[in-house]
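There are 2 protein chains.
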Amino acid sequence: MKVTFQELQTQLKSVLLKYGFEEERAELCARIFAENSRDGVYSHGLNRFPVFVQLVKEGVIAIHATPASIGRHGLIEHWDGHNAPGMYTATLAMQRAIALAKESGMGCVTVKNTNHWMRGGTYGWQAADAGCIGICATNSIANMPPYGGVTPVLGNNPLVIAVPHKEGHLVLDMAMSQFSYGKLQEYELKGEMLPVAGGYDENGDLTKDPAKVRATGRALPVGFWKGAGLSLMLDVLVSSLSGGRSVAEITAAGTEAGVSQFFLCLNAGALDESVTGDIITYTKSSVALEEGAQVLYPGERTLSTRRRNEADGIPVNEAIWQQVLAL
Amino acid sequence: MKVTFQELQTQLKSVLLKYGFEEERAELCARIFAENSRDGVYSHGLNRFPVFVQLVKEGVIAIHATPASIGRHGLIEHWDGHNAPGMYTATLAMQRAIALAKESGMGCVTVKNTNHWMRGGTYGWQAADAGCIGICATNSIANMPPYGGVTPVLGNNPLVIAVPHKEGHLVLDMAMSQFSYGKLQEYELKGEMLPVAGGYDENGDLTKDPAKVRATGRALPVGFWKGAGLSLMLDVLVSSLSGGRSVAEITAAGTEAGVSQFFLCLNAGALDESVTGDIITYTKSSVALEEGAQVLYPGERTLSTRRRNEADGIPVNEAIWQQVLAL
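Chains A and B, in that order, are what the protein sequence lines are. No gaps in the numbering here: position 256 of the first sequence is 243 in this note's numbering, and each next residue is one more. No gaps in the numbering here: position 244 of the second sequence is 231 in this note's numbering, and each next residue is one more.
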């Protein structure tokens, strides 16, 4: 079934109000969940909402906490999220990084003790909409082994890079595993094989079978040693800069909460938009592998899904929708 | 055979002086080539030197040109490299980004019309040695197809992230292809298969055969669509921000010259070194795949090669060494 953006946001907001959220926060968090579904990231939209409410009930997410600036090194500002809702804090932090960049060309906000930001791309779109290049990252619970290792000690640690572009922003939202556990489960439930190897089976061989990857816990970092290295570096950047918890500590605690993030902005006033356009045109000139197919730039599919869902309504999983209506 | 660092640098410097380099530039360029060999990156050390000299002879590298600041947006400074030697300009640009970061917490220098910087890691180590987090990137000639495409339109566009650490800096120097063409050739010459798939064969299947990848020109981006997307974003960042040439224009010109780069620094005064140490310890706690092996962090192998080569001498390819002695 399908619902409108307005229906979705209104319903999510009313649940949050019921659980004690203040008006402004309920509005913002509901909007972000609704936008994630609208943009096709259902796993971090409606489908994730019941989990979020559960964490609110358990007190893992401190709904009245106020993230606060606790220090500054020039244009790098350090915040403590005080375990407020992750999307709320991330939005404020990116807003602050945007303001710093508008003023001084660049700005950075590091955040410790924050919660899951849902879809990283949200804050990339936010920066690009404000005319800034946005770069942000978060850490997570460990779910990938490093190169040459068997036990998972690396986080999925998504990296987001967004560049404003008048015909549709370029937004890369890239987790460090080839497939997230959510994606593996999606394929498994559909009884499908992955399009490319997603990890290792019980014999240590690469496999496209999502069930086998889930069984061994040996998900594959993008590009083997390369994505593994990048995951580690992102953990260092978010947690050493913020003084917050690293993947090790988040994993030891057992719940993906109290994570570390950073938000970096560059004022894109300097940006030559025509160069960006030329790059897109050139990339699309690559002869397509399948007839009728076309090469896409990062963010292009999101925008077309957004437009389709705005026109036709947002597909929702009926069971989850009923569950949320009853919350 | 092996030579000392001093012998290597002295010999390279004397060649550069003979070709008209000024003293200071000859010293700096020779040092960087020698350091690259010392650190085990032979492909961008001595082995690349004859190619560099050839480009100097052809006038592609303007040995007397002076890179100049041509504009500023707050803490983002824009330079024109005027096709001076790439390592020279990159060193000055990173030095300037470090100075901006020391002053204001962060700084960024974009450079257009510059030349190949050889090993990207060089400028990461430079930033980390100066107590800064360094992030830099360059574009290159197109040598990878995008995801869903057949013809190469993406550059290898390395990304460098460096974080200072007292027991050895963390330096990730990551090109966007799973294996560079230099690496593919190395394996082919040794008659060896790649450890993991490096691209596609003539039937469009993934292959570990380096010769087949070289034949089809379909090298694999790290993580398929993910590395392809990151490569495009890096091209946008380096060329749209600098107003310089994109992968498209470099490729059209046919020579990997006049490239675009950026150098971003964050003052690491804010950095909690103990967090970095904990992350390294935790990552190394992953049970190793092979007995006696250990998981390495980015930069660790470079440092151990450096120490070995400093103690035992730097291995050089005798034919190339003789060629350079005769230059």
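Calculated from the structure, these hints are not laboratory results. Hints may be right or wrong, so weigh each one.
Any copy will do: because identical chains look the same in the list, a pair fits if it lies in one copy or spans two.
Said to hold, decoys possible - Calculated cross-link-like contacts (lysine-lysine; reagent style DSS-like; alpha-carbon spacing at most 30 Å):
#1 LYS170 x LYS271
#2 LYS89 x LYS153
#3 LYS199 x LYS271
#4 LYS153 x LYS177
#5 LYS153 x LYS195
#6 LYS170 x LYS195
#7 LYS(-11) x LYS89
#8 LYS195 x LYS271
#9 LYS5 x LYS271
#10 LYS5 x LYS44
#11 LYS177 x LYS199
#12 LYS5 x LYS177
#13 LYS44 x LYS(-11)
#14 LYS44 x LYS199
#15 LYS195 x LYS89
#16 LYS(-11) x LYS177
#17 LYS271 x LYS44
#18 LYS271 x LYS89
Quiz item: Checking against the hints above, which ones are violated?
Solution: 4, 5, 7, 9, 12, 14, 15, 17, 18
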